[in-house]
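Asker: Listed below are the residues making up each chain.
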Amino acid sequence: MKEPAITQEIIAAHSLTHEEYQRILEILGREPTFTELGIFSVMWSEHCSYKSSKVHLQHFPTSGPRVLQGPGENAGVVDLGEGLTAVFKMESHNHPSYIEPYQGAATGVGGIIRDIFTMGARPIMLLDSLRFGPLTEAKNRYLMGGVVAGISGYGNAVGVPTVGGEVVFDDCYSHNPLVNVLCLGIAPIDKLFFAHAGGIGNPVIYAGAKTGRDGIHGATMASETFDEKSEERRPTVQVGDPFREKLLIEACLELMQTDTLVGVQDMGAAGLTCSSCEMASRGGTGVEIDIQLVPRREEGMSPYEVMLSESQERMLLVVRQGAEATVREIFAKYDLDAVVVGRVTGDGVMRVREGKRTVASIPAKALVDDAPVYHRPLTRPAWQDDIQRLNVDDIPLPRDYGDVLLQLLASPTIASKAMVWEQYDHMLFLNTVVGPGSDAVVLRLKGTEKGIAVSTDGNGRYTFLDPFTGGMIAVAEAARNVVASGGEPVAITNCLNFGDPTRPEISWQFAEAVRGVAAACRILQTPVTGGNVSFYNETMGKAVFPTPIVGMLGILAHISHATTQTWKETGDVVVLLGETREELGGSEYLKVCHGMVQGRPPTVDLELERRVQGCCLEAIRAGLVRSAHDCSDGGLAVTLAEGCVSNPDKPIGVDVNLADSLRPDALLFGESQSRIVLSLREADLNRVQAIADHYGVAVTLIGRTGGSRFICKGQTFHLDLPLSLLDQAWRGAVPTYFGQR
Amino acid sequence: MRFAIIVFPGSNCELDCQWVLHKVLGQEAELVWHKEKDLKGYDCLVLPGGFAHGDYLRTGAVARFSPVMQAVKQHARGGGLVLGICNGFQILCEAGLLSGVLLRNTSLNFICRDVYMRVETPETPFTATCTARQVLRVPINHNEGRYYADAETLARLKDNSQVVFRYVNSAGEISDEANLNGSLDHIAGVCNEQRNVLGLMPHPERAAETVLGSASGRILFESIISSGQALSSTSR
Chain A
1 MKEPAITQEI IAAHSLTHEE YQRILEILGR EPTFTELGIF SVMWSEHCSY
51 KSSKVHLQHF PTSGPRVLQG PGENAGVVDL GEGLTAVFKM ESHNHPSYIE
101 PYQGAATGVG GIIRDIFTMG ARPIMLLDSL RFGPLTEAKN RYLMGGVVAG
151 ISGYGNAVGV PTVGGEVVFD DCYSHNPLVN VLCLGIAPID KLFFAHAGGI
201 GNPVIYAGAK TGRDGIHGAT MASETFDEKS EERRPTVQVG DPFREKLLIE
251 ACLELMQTDT LVGVQDMGAA GLTCSSCEMA SRGGTGVEID IQLVPRREEG
301 MSPYEVMLSE SQERMLLVVR QGAEATVREI FAKYDLDAVV VGRVTGDGVM
351 RVREGKRTVA SIPAKALVDD APVYHRPLTR PAWQDDIQRL NVDDIPLPRD
401 YGDVLLQLLA SPTIASKAMV WEQYDHMLFL NTVVGPGSDA VVLRLKGTEK
451 GIAVSTDGNG RYTFLDPFTG GMIAVAEAAR NVVASGGEPV AITNCLNFGD
501 PTRPEISWQF AEAVRGVAAA CRILQTPVTG GNVSFYNETM GKAVFPTPIV
551 GMLGILAHIS HATTQTWKET GDVVVLLGET REELGGSEYL KVCHGMVQGR
601 PPTVDLELER RVQGCCLEAI RAGLVRSAHD CSDGGLAVTL AEGCVSNPDK
651 PIGVDVNLAD SLRPDALLFG ESQSRIVLSL READLNRVQA IADHYGVAVT
701 LIGRTGGSRF ICKGQTFHLD LPLSLLDQAW RGAVPTYFGQ R
Chain B
1 MRFAIIVFPG SNCELDCQWV LHKVLGQEAE LVWHKEKDLK GYDCLVLPGG
51 FAHGDYLRTG AVARFSPVMQ AVKQHARGGG LVLGICNGFQ ILCEAGLLSG
101 VLLRNTSLNF ICRDVYMRVE TPETPFTATC TARQVLRVPI NHNEGRYYAD
151 AETLARLKDN SQVVFRYVNS AGEISDEANL NGSLDHIAGV CNEQRNVLGL
201 MPHPERAAET VLGSASGRIL FESIISSGQA LSSTSR
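Protein sequence lines correspond, in order, to chains A and B. 1 is the number of the first residue of the first sequence in our numbering; add one for each residue after it. 1 is the number of the first residue of the second sequence in our numbering; add one for each residue after it.
Hints are supplied without guarantee of correctness; some may be wrong.
[To be verified] Lysine-lysine pairs mimicking BS3-like chemistry, simulated, CA-CA at most 25 Å apart:
1. K568/A to K450/A
2. K51/A to K542/A
3. K37/B to K333/A
4. K333/A to K210/A
5. K158/B to K333/A
6. K333/A to K73/B
7. K73/B to K158/B
8. K356/A to K210/A
9. K40/B to K333/A
10. K23/B to K191/A
11. K450/A to K23/B
12. K446/A to K23/B
13. K210/A to K35/B
[As the list claims (entries may be wrong)] Computed Cβ-Cβ distance ranges for the label pairs, DEER-style:
14. T210/B to P722/A: 42 to 50 Å
15. T570/A to R2/B: 42 to 50 Å
16. R681/A to A171/B: 26 to 34 Å
By construction, these hints were calculated from the structure, which means they are not laboratory data. Note that CB positions come from ideal geometry on N, CA and C, so glycine has one too.
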């Protein structure tokens, strides 16, 4: 088959700039073949090369006493003690999910799972962080329905429980939803595997599903903005087969028990191209592949198509010489292909042959490491001052605070998402001690007394209003959720969802948000172990809110520390850790009740944050805390209301007295940071007070649990609502949009 | 007792069943791959939940052709115990070891949540230590769990007390609200006429330890074990 000649049009169609093409000429010392051009274009796409983000991401703290593997591998690895490690990572699948929500989300789940078991870990949990436009629009309901069904359809069948996540709604996500999936697995510390092609002469084995034409140029597609023709790109979205992936998990984990595997990487974005050249680059070796040997499910595929296909459920393995039969036997048990397609070479070249004909020959290290790096111009947007301007005195006080509370509880961002997570198997593997719907999920670690707590968070509105603060809060809140659930935060992964980085305003948002995440990670001592960057989240020139999503991992010293957000008994006292300030900027209240996205987000003092978290964790570990709930979206009133109604089996009322002289709406619905609401036995109050004093944290007794009403009094307000009304607003809101209940 | 947990490609609750039987209840419990043809020496077979062969066709429709199924049938015919949970129940129905079929939930959604089920008859080896009308809190986790059988079959099941579990509310009362998947006659589990084969949609293995929220499903496994012991002591 003759490959087309390289023309200016073909170069442009591969989204390569003139400078990038010149660089290719330099590296090769000649004109690239068509296949080589395709390989460069996917490897140098934003999605694979991080060319616009690298200079910023280097500011992340990436090491710490528990970090065994930071960014740069398939996933990060954290030491959990007792010979166990957590392998975890988060990835976005925003673009495909907009184009084809079911398959987009499904393959997002499949892709991140492969990153985890590739390292030798059994994947034990998934979390999804989702952002959609308002549910009042049919298109958004379709997107959300499709994404949730895709996660459910793939995650349930592949046998990895989706134990929770979050769903947030805002207009800016209408034409560009965010689908970020976190997967975590557990591996013995002495059985970790890495993506290195080592040992010259070792066979390179292709394992898993056959290669088809789906997903060609998926990585490039994910590196461009949307226009009205985006739907025409459906063919670039891959199609997932969870059954095949389940078999692949079992076969790979079984293979990893034998002593044959040298290196392994999944074929995700940029498929066979990325996996082979990255493994060679990391191993300091070369790789030679004959694409005629690659199992295919379609006739007549060109080398270009085989190398760029993003067909799912495929792995590339490097095994010891002579181990081919063992590999074949294990994969045959699961009716999967495992075919030797090439070998590791010593010349550092990624060589692709079609039979005897060489169709690509590229220095692997240059392809991976010499990818362009851009210091994109940064400009603080001219409108940044305008959106930060907020005169609180201009905001009229609501007439009925009870109505406001009900409105907030029914706001889809705050309302119960049980309708979503009840479609996910969140119990498989018998680890789920605290499931979806509380601050963080808590899983036990079988064979130990420990547990892990994981939470995802990220407030796009805050980050839009002030990217640096938004970045800090994403980390602080994720950590707070972990602490409120009884865990000590130890490390993060992240997904950074932004617009087009070639626009200086977007690059500024990115740089600032990264700086914020980095600052918080440093002070809260939670290094970054990996993650992913998703740029070009815009449609018709309008970007989503800059949305950094942080996935926080925490460790519970003892599983009995697991704590949830709901009141446990009548007659307990309710206390607030931390202080409420007059902060309304960026709040859900301002958006829902006043239609404003305005002001500065709440301030966050990271040193105070650390003390509040330390205090809460110590009180939990001392067995003094019956419930703990981070105070965030919707403020104190919503936090208290959720304490009452979020356990449907045991709703318990509350009677609270807020003596503060702040503006009532700020007091009730403001989103001041570093606050946690606890309930405890009255007899334990003094001990909690003593711990708080030790940490220098304000602790205020604000009320008592009991009864079947939500009562909240202040100097100028008096809310008194039956729990049934709160429950109806909070639990009923999301299903109503989908015609249920 | 010696349990075999049959692992089909796509099964995913096998490790959970093994955990409960072995780690929690101290029984011998081995995983047996679906290509195995010999099941001699096992007292009870467990067909666990999951998506056998991907379940891209009707659930269980492919699994019934798995090589192991001949031996499963033989074991059942010989009076050995067979427990099918969720996908295992679907497979037993497809294989003709139990009556009825499992259709798509009326909501057309996958449902994963705790439900209450009532023990309709303690007169099976799987419910022997339960009291009649005992209410158990056990999770469901399925897309196709709506039990259906024709009128004649249903009448026969009822006449023979083969309906073992029904969905109820927390007070133990039959109600449509508690019947989340829309099962015929609120049926959550049935046994065969000989009462040695049981299938149910709820997952008792997910409710076997209090740390996970409920331990009330454990009684099924405890019943099996005590029935098994009774059986082996009579045979001695």
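Asker: Now look at each hint and say whether the structure bears it out.
Answerer: How the hints compare with the structure:
For the given pair, K568/A sits about 23 Å from K450/A by alpha-carbon distance, which is consistent with the 25 Å threshold. Simply put, K51/A and K542/A have alpha-carbon atoms about 22 Å apart, close enough for the 25 Å limit, and the pair holds. Simply put, K37/B and K333/A have alpha-carbon atoms about 15 Å apart, close enough for the 25 Å limit, and the pair holds. For the hint linking K333/A to K210/A, the alpha-carbon distance of about 17 Å falls within 25 Å, and the restraint holds.
This hinted pair does not check out: K158/B and K333/A have alpha carbons roughly 42 Å apart, beyond 25 Å. Restraint check for K333/A and K73/B: the C-alpha separation of about 23 Å stays at or below 25 Å, so the hint holds. Only pairs whose Cα atoms come within 25 Å are accepted, and K73/B paired with K158/B is accepted, the gap being roughly 24 Å. Restraint check for K356/A and K210/A: satisfied, since their Cα atoms lie roughly 22 Å apart, inside the 25 Å limit.
The hinted pair formed by K40/B and K333/A meets the criterion: a straight-line CA distance of about 22 Å does not exceed 25 Å. For the hint linking K23/B to K191/A, the alpha-carbon distance of about 23 Å falls within 25 Å, and the restraint holds. About 17 Å separates the Cα atoms of K450/A and K23/B, which keeps this hinted pair within 25 Å; it holds. Restraint check for K446/A and K23/B: satisfied, since their Cα atoms lie roughly 10 Å apart, inside the 25 Å limit.
Restraint check for K210/A and K35/B: the C-alpha separation of about 23 Å stays at or below 25 Å, so the hint holds. Our hint of 42 to 50 Å for T210/B and P722/A is violated, since their Cβ atoms are close to 32 Å apart. Taking the beta carbon of each, T570/A and R2/B are about 48 Å apart, inside 42 to 50 Å as hinted. Against the hinted window of 26 to 34 Å, the Cβ-Cβ separation of R681/A and A171/B comes to about 30 Å, which satisfies the hint.
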